[in-house]
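Asks: Now for the letters of each chain:
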Amino acid sequence: MTLEYDALQEGVELPTEHRTPTTEQVVAFCNATGNQGPQFLDPEFAKERMGLPGPIVPGNMKQGFLDQYLRRHFGRNQITRLQLNHRRPDVHNVEMTIGGEVTRAYDADGRRMVDLEIHIDNPQGDRSVRGAASIAFD
Amino acid sequence: MSDDESLITPAMEAAVGSEGEPRQATIDKELVQRLMVALDEDDDELMAAVEAGDASYPIPTYALLTTSTSQRQLSVPDAPERALMASDAWEVKADIHLGDTMTIVPRIADIQERIGGRVGHSLFIHHEWVYTNQDDVEVARVRRTVTHFQQQHTGE
Numbered sequence: 001m002t003l004e005y006d007a008l009q010e011g012v013e014l015p016t017e018h019r020t021p022t023t024e025q026v027v028a029f030c031n032a033t034g035n036q037g038p039q040f041l042d043p044e045f046a047k048e049r050m051g052l053p054g055p056i057v058p059g060n061m062k063q064g065f066l067d068q069y070l071r072r073h074f075g076r077n078q079i080t081r082l083q084l085n086h087r088r089p090d091v092h093n094v095e096m097t098i099g100g101e102v103t104r105a106y107d108a109d110g111r112r113m114v115d116l117e118i119h120i121d122n123p124q125g126d127r128s129v130r131g132a133a134s135i136a137f138d
Numbered sequence: 001m002s003d004d005e006s007l008i009t010p011a012m013e014a015a016v017g018s019e020g021e022p023r024q025a026t027i028d029k030e031l032v033q034r035l036m037v038a039l040d041e042d043d044d045e046l047m048a049a050v051e052a053g054d055a056s057y058p059i060p061t062y063a064l065l066t067t068s069t070s071q072r073q074l075s076v077p078d079a080p081e082r083a084l085m086a087s088d089a090w091e092v093k094a095d096i097h098l099g100d101t102m103t104i105v106p107r108i109a110d111i112q113e114r115i116g117g118r119v120g121h122s123l124f125i126h127h128e129w130v131y132t133n134q135d136d137v138e139v140a141r142v143r144r145t146v147t148h149f150q151q152q153h154t155g156e
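In order, the protein sequence lines correspond to chains E and R.
Position 75 of the first sequence, counted from 1, bears residue number 75 in our numbering, the numbering being contiguous throughout.
Position 58 of the second sequence, counted from 1, bears residue number 58 in our numbering, the numbering being contiguous throughout.
Heads up, a few of these hints could be off.
[As the list claims (entries may be wrong)] Calculated cross-link-like contacts (lysine to aspartate or glutamate; reagent style EDC-like; alpha-carbon spacing at most 20 Å): (1) R:Lys93 with E:Asp109; (2) R:Lys93 with R:Asp136; (3) R:Lys93 with E:Asp115; (4) E:Lys47 with R:Glu81; (5) R:Lys29 with R:Glu45; (6) R:Lys29 with R:Glu13; (7) R:Lys29 with R:Asp95; (8) R:Lys93 with R:Glu138; (9) R:Lys93 with R:Asp135; (10) R:Lys93 with E:Asp107; (11) R:Lys29 with R:Glu41; (12) R:Lys29 with R:Asp42; (13) R:Lys93 with E:Asp138; (14) R:Lys93 with R:Glu128.
[As the list claims (entries may be wrong)] Which stretches of chain R does chain E cover? Using the computed rule of at least three CB atoms under 8 Å from a CB of chain E, they are: (15) 30-38; (16) 48-61; (17) 89-98.
[To be verified] If we take Cβ atoms under 7 Å as the criterion, some of the chain E residues that face chain R in the derived model are: (18) Gln25; (19) Asp67; (20) Asn85; (21) His86; (22) Gly125.
No lab work stands behind these hints, which were simulated from the structure alone.
Virtual Cβ for every residue (Gly too), placed ideally from N, Cα, C.
Please construct the entire structure, taking both the sequences and the accompanying hints into account.
Replies: This is the structure we're talking about:
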């Protein structure tokens, strides 16, 4: 359901949703974007060379999930800013919880704007992505 | 190398501020569709517009990810081989459409050093790309920070 500007004020929490990127999805993502980093695809490289728990979900793929999340809740209103800080790697086939909160609703140059804190948490409750976004309402 | 010794070499310092050659990429329907499948897109209206090749329909910012091979990251001399993305900031200034031809200009914006943290002594290399469409409109500005490190990640 699309959120309306008038219902948004500081502290309003956005609905949470869950995504579990499978290895098949990660491979498809890497093929579509031409990003063949071995840390995303090669278990041995990820573990032995990088010290990671396994092949990880590309940061850009998590950006794609957050982009979808925002469009799901803000419809065709324009996402003018999407900022992600990658704090922890997420590995394939593990559920991620996506959520957010309104940090500011305001007018800027005649446009109604909302700033958001957005995030991705892993199943341990650790924040793997901490981010921010701005939405311009039509 | 001890933690007291800087990882930033003169060659690295010289690279800060340098721009790469502009590259062009077109927002391709097939690649956008493949990306939508990978992301398990469920926006029926969007998928129908892309399937129809509707070049007037604004598509998600993530469509720019299909130009990743043209959004090549400039290599920084002497940077440690191990690297992970630390942050990504997309400032979107105009709509994106199927068939748009983007000119992408890469730049090494800055390099910073950090001691400690999950990857130990590391470098934060800040890259920037400016996307301009065929009408000479700046569509997006992407700033990415990549952490380069010598020791293994702690896995956490």
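Asks: Does each hint fit the structure? Answer for all of them.
Replies: Verification of the hints:
For the proposed pair R:Lys93 and E:Asp109, the alpha carbon gap of about 14 Å is at most 20 Å, so the pair holds. Taken as a hint, the R:Lys93 and R:Asp136 pair is honoured in the structure, with Cα atoms around 12 Å apart against an allowance of 20 Å. Note on R:Lys93 and E:Asp115: the hinted pairing holds, with a Cα-Cα distance of about 16 Å set against a maximum of 20 Å. With a C-alpha separation of about 15 Å, the suggested pair E:Lys47 and R:Glu81 falls inside the 20 Å cut-off, and the hint holds.
This hinted pair checks out: R:Lys29 and R:Glu45 have alpha carbons roughly 15 Å apart, not beyond 20 Å. Of the pairs offered as hints, the one joining R:Lys29 and R:Glu13 is violated, with about 40 Å between alpha carbons and a cut-off of 20 Å exceeded. For the given pair, R:Lys29 sits about 16 Å from R:Asp95 by alpha-carbon distance, which is consistent with the 20 Å threshold. Note on R:Lys93 and R:Glu138: the hinted pairing holds, with a Cα-Cα distance of about 7 Å set against a maximum of 20 Å.
For a cut-off of 20 Å, the pair hint linking R:Lys93 to R:Asp135 stands: about 13 Å separates their Cα positions. With a C-alpha separation of about 17 Å, the suggested pairing of R:Lys93 with E:Asp107 holds against the 20 Å cut-off. Using a Cα cut-off of 20 Å, the hinted pair R:Lys29 and R:Glu41 holds, with the two alpha carbons roughly 15 Å apart. Taken as a hint, the R:Lys29 and R:Asp42 pair is honoured in the structure, with Cα atoms around 17 Å apart against an allowance of 20 Å.
Between R:Lys93 and E:Asp138 the CA atoms are separated by roughly 14 Å; this keeps the pair inside 20 Å, and the hint holds. Restraint check for R:Lys93 and R:Glu128: the C-alpha separation of about 15 Å stays at or below 20 Å, so the hint holds. Remark: the segment 30-38 of chain R is confirmed as covered by chain E, as 5 of its residues place a Cβ nearer than 8 Å to a Cβ of that chain, reaching the required three. For a cut-off of 8 Å, the count of residues in the segment 48-61 of chain R with a CB near a CB of chain E stands at 3, and the three-residue condition holds.
Only when three residues or more bring their CB closer than 8 Å to a CB of chain E does the claim for the segment 89-98 of chain R stand; here the count is 6, and the claim holds. Given the 7 Å rule on beta carbons, the hint for E:Gln25 holds: about 5 Å separates it from the nearest Cβ of chain R. With its C-beta approaching chain R no nearer than about 5 Å, E:Asp67 sits inside the 7 Å limit, and its interface hint holds. Satisfaction of the interface hint for E:Asn85 is found here, the shortest Cβ-Cβ separation to chain R being roughly 5 Å, below the 7 Å cut-off.
The interface hint given for E:His86 holds, since its Cβ lies 5 Å from the closest Cβ of chain R, which is under the 7 Å cut-off. With its C-beta approaching chain R no nearer than about 13 Å, E:Gly125 sits outside the 7 Å limit, and its interface hint is violated.
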